[in-house]
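> Sequence:
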Amino acid sequence: QVQLVESGGGLVQSGGSLRLSCAASGTIFSINRMSWYRQAPGKDRESVASITSGGATDYEDSVKGRFTISRDNAKNTVNLQMENLKSADTAVYFCNYVGFGLRRLDAWGQGTLVTVSS
Numbered sequence: 001q002v003q004l005v006e007s008g009g010g011l012v013q014s015g016g017s018l019r020l021s022c023a024a025s026g027t028i029f030s031i032n033r034m035s036w037y038r039q040a041p042g043k044d045r046e047s048v049a050s051i052t053s054g055g056a057t058d059y060e061d062s063v064k065g066r067f068t069i070s071r072d073n074a075k076n077t078v079n080l081q082m083e084n085l086k087s088a089d090t091a092v093y094f095c096n097y098v099g100f101g102l103r104r105l106d107a108w109g110q111g112t113l114v115t116v117s118s
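Position 14 of the sequence shown, counting from 1, maps to 14 under our numbering, and the rest follow consecutively.
Be aware that a few hints might be false.
[Unchecked claim] Below 27 Å or equal to it, Euclidean Cα-Cα: the simulated DSS-like pairs (lysine-lysine) are:
id, residue 1, residue 2
1, K43, K64
2, K75, K43
3, K86, K64
4, K64, K75
Keep in mind that the hints were calculated from the coordinates and are not lab data.
If you're wondering where the values come from, they're calculated on a predicted model, not measured in any experiment.
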C-alpha cells in the first residue's frame, strides 16, 4: 500500500505561479514513476507531467516550458512548479504513484484544487 498526500493548491491570478507537493509513504519500490494528473470540470483526467525514479521526465504539450516536475527520492516527494498559469490550467490536480516490483503497485492522492482567475 502507498499513501499520497498532496499540498499547495489554491487560487492564483493568470500569469502567476504555484508549487504543488506530494509526499508518498508506505511500500515504495525503488523503480517507480510519479506523476501529476489533472481533471477540469466536465473533462477527462489527463496526465500533466511525470518523472521516473531515474529522473526521466515527460510533459503534456500545453505545459511544456511552464511546468517543472522534480522529485526527492530520499524523501519520497514529488513537486510540480507551475509558472505563467492560465485559466485553462484550472483543475483538480492529482498525484499518482506507480511502483514496479514483484507486482505493479498504483496509488492516487486525494487531489488538490488549482484555480486560475483571469
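> Is the Cα-Cα distance between K43 and K64 27 Å or less?
20 Å, holds
> Would the pair K64 and K75 pass a check requiring their Cα atoms to be no farther apart than 27 Å?
26 Å, holds
> Given the hint that K86 pairs with K64, does the C-alpha gap stay at or below 27 Å?
Cα-Cα ~13 Å, so holds.
> Against the 27 Å threshold, does the CA-CA distance of K75 and K43 hold or violate the hint?
33 Å, violated
Checked against the numbered hints given earlier, the structure breaks only hint 2 and satisfies all the rest.
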